[in-house]
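**Student:** Add chain V to chain U, keeping to what the hints say.
Chains as they are written, first to last, in my numbering: chain U, 66 to 241; chain V, 9 to 346.
Since the hints were derived computationally from the structure, they do not count as laboratory data.
All figures in this text were calculated on a predicted structure; none of them were measured in a lab.
Take these hints with a grain of salt, some might be off.
[Said to hold, decoys possible] Using 27 Å as the maximum straight-line C-alpha spacing, the simulated DSSO-like pairs for lysine-lysine come out as follows: (1) U/K227 <-> V/K324; (2) V/K82 <-> U/K89; (3) V/K151 <-> U/K89.
[Said to hold, decoys possible] Footprint (simulated), chain U over chain V, 3 or more residues, beta carbon under 8 Å: (4) 16 to 28; (5) 38 to 51.
[To be verified] Partner residues aside, some chain V positions facing chain U, computed with beta carbon under 10 Å: (6) D74; (7) A79; (8) M87; (9) Y146; (10) A147; (11) N149; (12) N150; (13) L164; (14) F185; (15) H186; (16) E278.
Every residue, glycine too, gets a C-beta built ideally from N, C-alpha and C.
Here are the chains, one letter per residue:
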Amino acid sequence: METLIFALFASLALGSSIVVVAHKNPIYSTLSLVVTLFSVAVLFVLLGAPFLGVLQILIYAGAIVVLFLFVVMLLNVQREEMPHSGQPGQRVAALLGAVVFAAFLVLLFWRAGSPQGQPLTEEFVSLKALARQLFSTYLLPFEIVGLLLLVAVIGATVAARKPPEVEETASKEAAP
Amino acid sequence: MNPELVATVIKLVVIVGFLINVVPVMLWVERRGSAYIQDRPGPNRLGPLGLFQGLADAAKFMFKEDVTPAAADKPLFIMAPILALLPAFTTFAVIPFGPDLQVGGRTVPLLIANADTGVLLFLAVASLSVYALVMAGYASNNKFSLMGAIRASAQLISYELALTLSVLAAIIPASSFHLADVIQYQRDHVWSVLPQFVGFVVFVIAAFAETNRLPFDLPEAESELVAGFHTEYSAMRFATFFMAEYISMTCLSALGVTLYLGGWSLPWVEYHGWWGAILGFATLIAKISVCLAFFVWVRWTFPRFRYDQLMRLGWKVLLPLAIANLIGVSAATVAGWL
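So that you can see chain U by itself, here it is in the shape it has in the complex:
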């Protein structure tokens, strides 16, 4: 049963990630990204990390990709019309990439049997254990990540603000 679910969602993740990269319409790419993230979340749950799977959907698929979609819709990104760009050496680069990927796959399957390739834990990661570790052993990284997020929010607010001179002229023009 688990193998069936894994096979289904792994192939779904692979297929939709190919669609993300290959489709001409950017909206379809973004929606395929949602499918990819959803499948990866299911794979996380199968691996025994349900919290991570739920967070993947909540944050990544539920918020970040929505913002991607906003940008794509509002900026009216056009469909890619040219099937091939004329860049020289594209085929060589693609071949090289495929060879490296194949090498990684071989390495992965070769190492899977060795002691370093075993899973960290066989049981489901319990939420309480995760929370305890997060707030005791890993408290400093947790606080630093929080600070990082705060800096990102402040930076985004500052970057999105209009500069003061434009505001003044805009208000002068708006007043009849």
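**Tutor:** Leaving out everything else, chain V in the frame of chain U:
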């Protein structure tokens, strides 16, 4: 047959049956309720008190011509109503609808998804409902629909923050994401609505905004955007959006009832065996019905928020209030008051 699988299938049948039947009942309540508020009779021709109006509506939706715009993005156009319905149904999976049943020597918890990450699962799936609106608005190839979709998604993601924070504050005293633990906490102490009234108010307002109900229904504002993101949808596809809205209202009411109003339990009542389960389910349905009636009442009483007022309320009022509520509840829990 795996007994757990059988139990899950039975629970699924019960819950899905309940959710599907909410829609025609809500149709009748909405129409008669709005008529009562507006001092007019409402539907009263079909059956006693107009009770068969829902059947007539269903028949109408099935036989109406399904118009698809020629330049619409067909796959997305067809997928959008389905995608609206899926999160609406799925979110009810984590809500307990009765006390634990003892059947043949094993304990059957009365909720479909007995996951430790209960409430987070609800919020995660609910956040996927944005995509249906965006897809509908984009795929219609219609400027008004696109405007409605963009407004809707902005509104949804803004109020998701306040909703999530108020939900978090409600589960902090119970120390668990699992909703059965939250209900047990409320049975041991008092319904969370009393100590956490601010959180409850934030939750209610955010719930109205999340379901696109008046006073937050700019995405479907009839007077402004024709019908917003579902302008181009007719017949059964429109009925699907309609159903999705009512079912998401039901699920959010169920969540609010479970987090703040004690869920399926009544104070000072013992629940044993099968009768306890039926009584618990009936109590939950009664509380959800009160919430749905409140939704209808508010819809026909208040005028609509303008878009900038809506965003201002979500970001500048509700979010600070929800954060303050979270800090207060955390402090009270640490101090041992909650």
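**Student:** Evaluate each hint against the coordinates.
**Tutor:** Taking the hints in turn, this is what the structure says about them:
no.	hint	verdict
1	U/K227 <-> V/K324	holds (19 Å)
2	V/K82 <-> U/K89	holds (16 Å)
3	V/K151 <-> U/K89	holds (22 Å)
4	16 to 28	violated (count 0)
5	38 to 51	violated (count 0)
6	D74	violated (23 Å)
7	A79	violated (14 Å)
8	M87	holds (9 Å)
9	Y146	holds (6 Å)
10	A147	holds (9 Å)
11	N149	violated (12 Å)
12	N150	violated (13 Å)
13	L164	holds (8 Å)
14	F185	holds (7 Å)
15	H186	holds (9 Å)
16	E278	violated (29 Å)
Figure legend: structure checked against the earlier numbered hints; hints not met, in rising order: 4, 5, 6, 7, 11, 12, 16.
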